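K.L.:
Using the sequences and the hints given, assemble the complete structure.
Number of protein chains: 6
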Amino acid sequence: MTLLIERVLASDELANIRSALATAQFVDGRDSAGGAAREQKHVLQLDRAGDQQRDVGQTVAKALLRHPKLQTAALPKSVRHPTINRYEPGMFYGPHLDAPLMRGSVTTRCDLSVTVFLSHPAEYEGGELLIAGERAPISLKAAAGDAVLYDSGAVHQVTPVTSGIRLVAVTWLQSLIRDGAQRKLVFELGESIAQLEAQNASAETLLKLRATHHNLMRMWLES
Amino acid sequence: MTLLIERVLASDELANIRSALATAQFVDGRDSAGGAAREQKHVLQLDRAGDQQRDVGQTVAKALLRHPKLQTAALPKSVRHPTINRYEPGMFYGPHLDAPLMRGSVTTRCDLSVTVFLSHPAEYEGGELLIAGERAPISLKAAAGDAVLYDSGAVHQVTPVTSGIRLVAVTWLQSLIRDGAQRKLVFELGESIAQLEAQNASAETLLKLRATHHNLMRMWLES
Amino acid sequence: MTLLIERVLASDELANIRSALATAQFVDGRDSAGGAAREQKHVLQLDRAGDQQRDVGQTVAKALLRHPKLQTAALPKSVRHPTINRYEPGMFYGPHLDAPLMRGSVTTRCDLSVTVFLSHPAEYEGGELLIAGERAPISLKAAAGDAVLYDSGAVHQVTPVTSGIRLVAVTWLQSLIRDGAQRKLVFELGESIAQLEAQNASAETLLKLRATHHNLMRMWLES
Amino acid sequence: MTLLIERVLASDELANIRSALATAQFVDGRDSAGGAAREQKHVLQLDRAGDQQRDVGQTVAKALLRHPKLQTAALPKSVRHPTINRYEPGMFYGPHLDAPLMRGSVTTRCDLSVTVFLSHPAEYEGGELLIAGERAPISLKAAAGDAVLYDSGAVHQVTPVTSGIRLVAVTWLQSLIRDGAQRKLVFELGESIAQLEAQNASAETLLKLRATHHNLMRMWLES
Amino acid sequence: MTLLIERVLASDELANIRSALATAQFVDGRDSAGGAAREQKHVLQLDRAGDQQRDVGQTVAKALLRHPKLQTAALPKSVRHPTINRYEPGMFYGPHLDAPLMRGSVTTRCDLSVTVFLSHPAEYEGGELLIAGERAPISLKAAAGDAVLYDSGAVHQVTPVTSGIRLVAVTWLQSLIRDGAQRKLVFELGESIAQLEAQNASAETLLKLRATHHNLMRMWLES
Amino acid sequence: MTLLIERVLASDELANIRSALATAQFVDGRDSAGGAAREQKHVLQLDRAGDQQRDVGQTVAKALLRHPKLQTAALPKSVRHPTINRYEPGMFYGPHLDAPLMRGSVTTRCDLSVTVFLSHPAEYEGGELLIAGERAPISLKAAAGDAVLYDSGAVHQVTPVTSGIRLVAVTWLQSLIRDGAQRKLVFELGESIAQLEAQNASAETLLKLRATHHNLMRMWLES
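Protein chains in written order, with our numbering: chain A, 689 to 911; chain B, 689 to 911; chain C, 689 to 911; chain D, 689 to 911; chain E, 689 to 911; chain F, 689 to 911.
Any given hint could be a false lead.
No copy labels: a pair is met if it fits in one copy or bridges any two.
Below, a list of computed lysine-lysine pairs in the PhoX-like style, where the Cα atoms sit at most 25 Å apart [claimed, not checked]:
{"hint": "1", "residue 1": "K729", "residue 2": "K896"}
{"hint": "2", "residue 1": "K757", "residue 2": "K829"}
{"hint": "3", "residue 1": "K757", "residue 2": "K896"}
{"hint": "4", "residue 1": "K896", "residue 2": "K750"}
{"hint": "5", "residue 1": "K872", "residue 2": "K729"}
{"hint": "6", "residue 1": "K896", "residue 2": "K872"}
{"hint": "7", "residue 1": "K765", "residue 2": "K729"}
{"hint": "8", "residue 1": "K750", "residue 2": "K829"}
What the hints contain is simulated information worked out from the structure, not anything from laboratory work.
Keep in mind that this is a model prediction, so the values were computed, not measured.
P.N.:
Here it is as structure tokens:
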């Protein structure tokens, strides 16, 4: 599943974050990458020890969790504290995939990765998020405040920034439904039911469909 | 799942079968029961070597397979050749469950058992089919030509016939969807879609629901 | 699985709860129902902000968790804080099913619903708990202090109370074994082993059966 | 999985088929579509009763089954006899998905659909095969003799042909590995092993990787 | 599962086979090995085109299928036609694992491998069957007429024969229960029930245990 | 999986633990065994209420969790606080298996059992850890500071100590991958990848194999 989720951050949240990051301390991002991904990572990263990392991360995590589309499409069990990346000209993140398991106070199986865009597309050139797809990679560059949700297990990369600055928050989440095909099916059945509520479907049929929806969730949810 | 399926046999089929069985040779049914079920079986059975067994069995099997409700509720992969049982006064089949595996030219995992009633309820007393249920056994005695479908793994019995003759055809089938909860869910989603086709649901929503229905079947069908 | 669990509350616990509820503040229960269930809910509910809700809920939750039959039949992973409902004449809860997922400090997949009866059956008329069953709904009205455990995914309802007051505590639990058929099988194998311990079964066979029981639990438990 | 498989038909096979179809009898294709797909189908179809249908179908089925890439990517358990479609100007096949189950002498769970192109792209305009994808539909128009393999459960369509004639053979297959994500993983591990055989990997490591590959297949193959 | 099955072949069957093989034509066995196993195979093999291969193979296959222990421990769905191998001094089969999938008139997922010993242990030196095990390889050399059943996915080898002739029939089977841990659990529960039938267990408890056994089989059998 | 993990405890940790245990209070171990295991347990156990139990347990648990081989082979989700057992001459623990579920502040599904040896093999005679295996029990007696990891569901025992003192810490852990065959496959694929990193495998192939490894973990991890 690759999904654009628009307006995750409210405009004042976005403004505050951008203002905080304007003067923040960034360090070499390789220090936080593990194993083979480390060699591919050529990007600055907000200092993890600083207050800004904590505050910006919390704002972004809260904004993601409250968004209805992320709730129903991703069914988050837990979200990692976001990392803030800064790509200056020449920086990039080569082809890699994200770790399936992240430890800490909570252990997370990373099912889905999220990139929240903090820069406007006009503020930089290059810096495309390229995600391996069915027939060709999907290339993404969303508006500041928007997020892209994608499978952590898909090979992806950020192409070199050729001018300007690309700021993003990235994070990972474990879904209550592990299997992508099952999660998609539950999401789409929920959408169908919402459509039918506006189409004169009978109460009896709607109750029956909700039973199907709920019982599929019971079969597949890992809480 | 315990399901009554009405009018499996057409009235001429029923009449022909009853006429053929009136003069047929029945033998001790214990010979065909395996293991522990053998001690519980006190019933006559149509001689397996005779032509009537072959002809009556084929008529019943065909009638079951062509019935739309059996098709959608049971999703049969294969049906065993039916056995014809005759309960005379004093005869019964004590509590037992049916074998999970039957070998022969085809190997069948017996998911569902079927009793096709060949006698009218008024023709005998006693002879209730009792199936272990959630809170209390379900007691069944259906019209001649009707069938009852139930889980082969539920403990069941036929209580003693106290007067008259109880004729039934019994058989077993393997479903394309092994798990009863999954099979029920697919069946009910199909029913909901049929109801919506008569309720002004939009073509777009119906296509989406059919995709859900089809893809659930793909996840669960064993062909 | 629909299961009656007798004497969940000790008589002094029941007396204390009834005494506390006699003077407690009840509010419109619709406020706590989500989505489609809301329209079906016509019942008063103990004010969630009050101390009585906390105390009565804790007494009921503890009593459920300590009951051996609930432990082995439901294998609870977590139990939600109970809700206290008061049905006055004319009140009812129409056909609905319970949400599969409840959020809060703990996220719960609601596998099983529990109704703990706080009124004696003679204290009210109507107010039957009707649960959709195999062939016909199961109708339940248990003694004060008893509980009924049933699948959260079964459509159920409470018929209108026609006289008197019906007080119940209702709650939901996530089981360590998600699938009802697997949970039932483990429960029944445990019962068989307990029976065999009183039947001269050999130590060697009992060790072997316990290995089967334990290893089935290992295959299916989600902790 | 959407996969282009090049040169499925040898040039003489393609020539023979095109020559046979030049004079063959085509009929209204709606007769063979079931349920909702019927309304979407506006295309001619080779008469099923004719010899050409049998001969062309067999040639195409054999060509598919012998192709190494189809073998490893699709792991076919069985392939249906192909249908030959002819799109004349104005004809199209609106959005639909293919049935999950096809009966006949063999029962097939349709996991994957195949379109074998019999016309050269230059011979017609329009007639794109559009398959619903992650972010946007995938549009395909392959060379004569090539095939496209795609999930039967993806909504797909053929856009109207605006000039010329579009001839295709379409068929469906059941895979030995039902789940698309598992099938893809086994396919890619096989590709990795083939690459390593040319990269000085040690015999010991290759044996270990092959054990992983074989044992994954054992876990997932349904034969 | 590594299991010795004694006396698979009756003494007259063994004698006939040994006599037939004494004058039979053997060819280089590498021709029938696929992929990487080919390099490890240094053994003669009974000519596949000859009558002896057909007759000996059928005798061995029938003997395996009729053996009660193989029936209950392996739950065979199908058995491949056996191959007859002859190891002369210096011959061996290096470390390899057997293919997960064998095609032909029947497609077989090879879950279990079987070696039927046709030579007496005293007739050759070396020629141990070594199967990778938990802590150390298991080394096996059984009596003529006995068989060893082992997981096809375990790396195994035959060490060089240093003197004499080692004749074996080898074959592969697909089990009705794919997963080895599930198959073992069903097998052991069946053994426990058989033991309890001789230990004064009550009919009620035995019925309950058989229900557990049958319903586990229903959950896991792939027919 | 039965696995020896060497040097779990550093020499100073081992010395400190041995010194603390030399003067510690041990009690009858039967008090902590449940159900049928209780009768088999004839061993002393460090008093659970004492400080030494807490301190020694924490040292052992930390040492286990930091060991790379335990991390990759067992993929621990949680480890129980260890129990310290002291076998004096004549003491033993008869055949038993460990409980599948342990409650407390954390609920643990016991997938794997661990014995950490605190005595040198030369310090006692007898006291073998015997674990039921494929063909014969595995007998183990490791160096002080080493650990043995084994399936909690395998029947195991400690044979009588005939002289000297056998001190061990025993504990249980829940793995992030429940099924032993899946866990082993992920472990071995990780080992293969580590070997290939030293064998000139191409970066492209390594990325592809890591994707396979990560995505298998995503399919199977329960976090």
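K.L.:
Between the shortest in-copy and the shortest cross-copy C-alpha distance, which are at most 25 Å for K750 and K829: within, between, both, or neither?
P.N.:
The answer is within: 22 Å in one copy meets 25 Å, while 45 Å across copies does not.
K.L.:
As a check of your reading, is K729 near K896 (CA-CA no more than 25 Å) within one copy, between copies, both or neither?
P.N.:
between (50 Å within a copy, 18 Å between copies)
K.L.:
I want to check one pair: K872 and K729. Are their C-alpha atoms no more than 25 Å apart within a copy, between two copies, both, or neither?
P.N.:
neither (31 Å within a copy, 27 Å between copies)
K.L.:
Between copies, within a copy, both or neither: which fits K896 and K750 at Cα up to 25 Å?
P.N.:
Answer is neither; intra-copy 34 Å and inter-copy 32 Å both fail.
K.L.:
With 25 Å as the alpha-carbon cut-off, assign the pair K765 and K729 to within, between, both or neither.
P.N.:
neither (28 Å within a copy, 29 Å between copies)
K.L.:
Within a copy, between copies, both or neither: which one fits K757 and K829 at a CA-CA cutoff of 25 Å?
P.N.:
So K757 and K829 pass the 25 Å test inside one copy only (19 Å; across, 34 Å).
K.L.:
How do K757 and K896 come out at 25 Å by Cα distance, when the copy is not named: within, between, both, or neither?
P.N.:
both (24 Å within a copy, 18 Å between copies)
K.L.:
Can you tell me if K896 and K872 fall within 25 Å by alpha carbon in one copy, between copies, both or neither?
P.N.:
both (20 Å within a copy, 12 Å between copies)
Of the numbered hints given earlier, the model fails hints 4, 5 and 7; all others are met.
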